[in-house]
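Peer 1: Residues per chain, in single letters:
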Amino acid sequence: MEYLKIENLRKTFGGVVAVDNVSFDVEQGTLLGIIGPNGSGKTTTVNLITGFLKPDSGKVLFKGRDIAGLRASKITNLGIGRTFQMVKPFYRLPAFKNLVVPLFSPRVKRMGGHYGEKDTLALDILEDIGFERDSAVPYKPASILPHGYLKRLEMARVIALQSELIVFDELYSGLTLAEVASISPMIEKLIETGKTIIMVEHRLKELFKIAHKIVVLDQGKKIAEGSPREIMKQPSVKKAYLGVEL
Amino acid sequence: MSTERRRERIDRPIKAVTDDIFCLSSMREIAYLVIPRILPIVGLLLLGFLVPTYWRKVIVITFIMGMMALSWDFMASCGLTSLGQALFFAIGAYSSAAVNHYLGLPIYLSIPLGTLIGAIISTACIYPALGLRGIYFSMVTLIIPLMLMRVVETTGILGGTEGITGLTHFPGMFITTTISMAALWATFFGLRRLIDSDYGHIFVALKDNDRAVEASGLSIRWFKVQAIFIGSAICCFCGAFMTHYYMSVGMSAFAVDLSIFPIAASVVGGMGTLAGPLLGAIILGPLSEALRTFGSFRVVIYAALLGTFIVTLPEGLFPYLARKYQQIERWVEAPGGISED
Ligand SMILES: Nc1ncnc2c1ncn2[C@@H]1O[C@H](COP(=O)(O)OP(=O)(O)O)[C@@H](O)[C@H]1O
Ligand SMILES: [Mg+2]
Chain A
5 MEYLKIENLR KTFGGVVAVD NVSFDVEQGT LLGIIGPNGS GKTTTVNLIT GFLKPDSGKV
65 LFKGRDIAGL RASKITNLGI GRTFQMVKPF YRLPAFKNLV VPLFSPRVKR MGGHYGEKDT
125 LALDILEDIG FERDSAVPYK PASILPHGYL KRLEMARVIA LQSELIVFDE LYSGLTLAEV
185 ASISPMIEKL IETGKTIIMV EHRLKELFKI AHKIVVLDQG KKIAEGSPRE IMKQPSVKKA
245 YLGVEL
Chain B
17 MSTERRRERI DRPIKAVTDD IFCLSSMREI AYLVIPRILP IVGLLLLGFL VPTYWRKVIV
77 ITFIMGMMAL SWDFMASCGL TSLGQALFFA IGAYSSAAVN HYLGLPIYLS IPLGTLIGAI
137 ISTACIYPAL GLRGIYFSMV TLIIPLMLMR VVETTGILGG TEGITGLTHF PGMFITTTIS
197 MAALWATFFG LRRLIDSDYG HIFVALKDND RAVEASGLSI RWFKVQAIFI GSAICCFCGA
257 FMTHYYMSVG MSAFAVDLSI FPIAASVVGG MGTLAGPLLG AIILGPLSEA LRTFGSFRVV
317 IYAALLGTFI VTLPEGLFPY LARKYQQIER WVEAPGGISE D
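The listed protein sequences derive, respectively, from chains A and B. For the first sequence, the residue numbers in this note's numbering are 5 to 250. For the second sequence, the residue numbers in this note's numbering are 17 to 357.
These are calculated hints, taken from the structure and not from any lab test. Remember, it's a predicted structure, so these values are computed and weren't measured experimentally.
In silico SDA-like pairs for lysine to any residue, Cα to Cα no more than 20 Å straight-line:
| # | chain 1 | residue 1 | chain 2 | residue 2 |
| --- | --- | --- | --- | --- |
| 1 | A | Lys-209 | A | Ser-231 |
| 2 | A | Lys-122 | B | Gly-216 |
| 3 | A | Lys-113 | B | Tyr-215 |
| 4 | A | Lys-113 | B | Asp-214 |
| 5 | A | Lys-217 | A | Gly-230 |
| 6 | A | Lys-243 | A | Gln-223 |
| 7 | A | Lys-144 | B | Asp-212 |
| 8 | A | Lys-213 | A | Ala-228 |
| 9 | B | Lys-223 | A | Arg-96 |
| 10 | A | Lys-213 | A | Thr-180 |
| 11 | B | Lys-223 | A | Phe-108 |
| 12 | A | Lys-113 | B | Ser-235 |
| 13 | A | Lys-78 | B | Asp-226 |
| 14 | A | Lys-78 | B | Ser-235 |
| 15 | A | Lys-217 | A | Met-190 |
| 16 | A | Lys-78 | B | Gly-147 |
| 17 | A | Lys-122 | B | Asp-212 |
| 18 | A | Lys-78 | B | Gln-242 |
| 19 | A | Lys-122 | B | Ser-213 |
| 20 | B | Lys-73 | B | Thr-309 |
| 21 | B | Lys-223 | A | Leu-97 |
| 22 | B | Lys-223 | A | Phe-56 |
| 23 | B | Lys-73 | B | Asp-273 |
| 24 | A | Lys-67 | A | Gly-198 |
| 25 | A | Lys-122 | B | Tyr-215 |
| 26 | A | Lys-237 | A | Arg-207 |
| 27 | A | Lys-122 | B | Val-220 |
| 28 | A | Lys-58 | B | Arg-237 |
| 29 | B | Lys-223 | B | Leu-146 |
| 30 | A | Lys-58 | B | Leu-148 |
| 31 | A | Lys-144 | B | Gly-216 |
| 32 | A | Lys-144 | B | Ser-213 |
| 33 | A | Lys-144 | B | Val-220 |
| 34 | A | Lys-113 | B | Gly-216 |
| 35 | A | Lys-9 | A | Phe-56 |
| 36 | A | Lys-144 | B | Asp-214 |
| 37 | A | Lys-217 | A | Glu-196 |
| 38 | A | Lys-58 | B | Arg-149 |
| 39 | A | Lys-67 | A | Ser-27 |
| 40 | B | Lys-223 | A | Met-90 |
Construct the complete structure from the given sequences, taking the supplied hints into account.
Peer 2: Below you can see the structure in the form of structure tokens.
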């Protein structure tokens, strides 16, 4: 039985077919990259998997169970965490209090493993992800944090949730090379600890270094699938990515 | 080359000390901390018990309206911008009236029961609209009370246009004032405590980013239900209280004024601060009464004052006062400023 199996997923918005009969699967403990030009349906696919959209047809089988159309919070509690391309912090709350919210989730209660005060726990997670603990940064309201920190905060949420399958939607967009260089090892570490990851990414160079498999979308359709090495050779991919160096 | 000058805001020296370190070294510092906390409580006590009899009635109504404003502000902080606090008020009013009139339960049971039953019915009424956001949600809250009012009118249930009269009254003005003031403070401190707690942060998060709340594994619907229940319970208490205060309930419980006042008070006082809406209600309640002498021209003056206030102080009175109290402004030279060559 596959860990995550996407079957003939389809989603239309009015006349636009955003995701067109897309199928692929992800093995447990691996990193799948999803690439494709802007508007090719990557974010929509993420939303369909994580319950933020209901598919018109098709299945999302997570450990054999069809989760397509379940509430997003339900899916989160089943162990699928996600980040947003457009960061979604709780602006009025201090950075570390942003993590207190997921710490209230049924999943965290069920999983245990987190001990002690929620505040301390939140600060621990933030420290691991690059918020200097002794600085003022974790205590600042999210509304005044720089973009790089907000991206980390997105990532911190799925770590707080102890998600087993993590979907990153363009985590690297808007980050400096140095920031990407500091986050990449964290993602590799997640894989080492047994997590499964789906990464939607435009920064192909960084992605190809850590991905086990790549799925290429173009205009809602899957046009290629394979190892990073194979994908780089595909002419159809080069065409879809005209002007992007692989 | 000329040096630019700019105005700078800095924390008052006392504030800078007291915010971080609690070493109360002088009476001055103690006073600085304590006065803003004592003043409102003493002020309301004086207001509630020392004004002439006629005004005491106004003050009781003002306290109740203050609770309505707190409820509105709390719900708005959760992203639930309601245009229909009157709905909750009316449901609470009719619930307690029904319990008192049809079941014959005494006042000390009918008010709590009316509050509880009312909050349950209110939440059920709003439940189908919980999936809506922003103005769509607001519109539904505006429509439902108008609709229910017509239902009462045309079907004649719950007394129809006549209303239900002859309800038990409060034992006396002292008790009435005490209960309303106690309820107001309980609401204020209760809500503030909730908002500042970790659990309360979920409600704040609901407004900031409901999708991220779902992505945190929490059902936004469930937390909105809780927010509506808390917010409507406060208004239902107000309705139940006023019903017994007037000894009757009628269709006026659905009046749009009851929906507008909390918003006006919150805007005047400063939205999202709880203290602001409370302050706003304490100002607007008596003001609206004082303007009665102007007859029907009252509304014009009231509206003009309100408008002027909002335009000159859009942040709200409370945030403005808090800033003035905690910070001083001074002119400083800005050598790095724009120089004219
Ligand atoms: N909520 C929506 N309503 C209407 N159209 C949408 C919506 N979301 C996405 N689309 C459309 O679906 C297509 C795929 O979008 P998206 O999944 O965001 O692409 P990507 O993430 O690959 O850039 C685009 O044409 C986009 O305009
Ligand atoms: Mg996208």
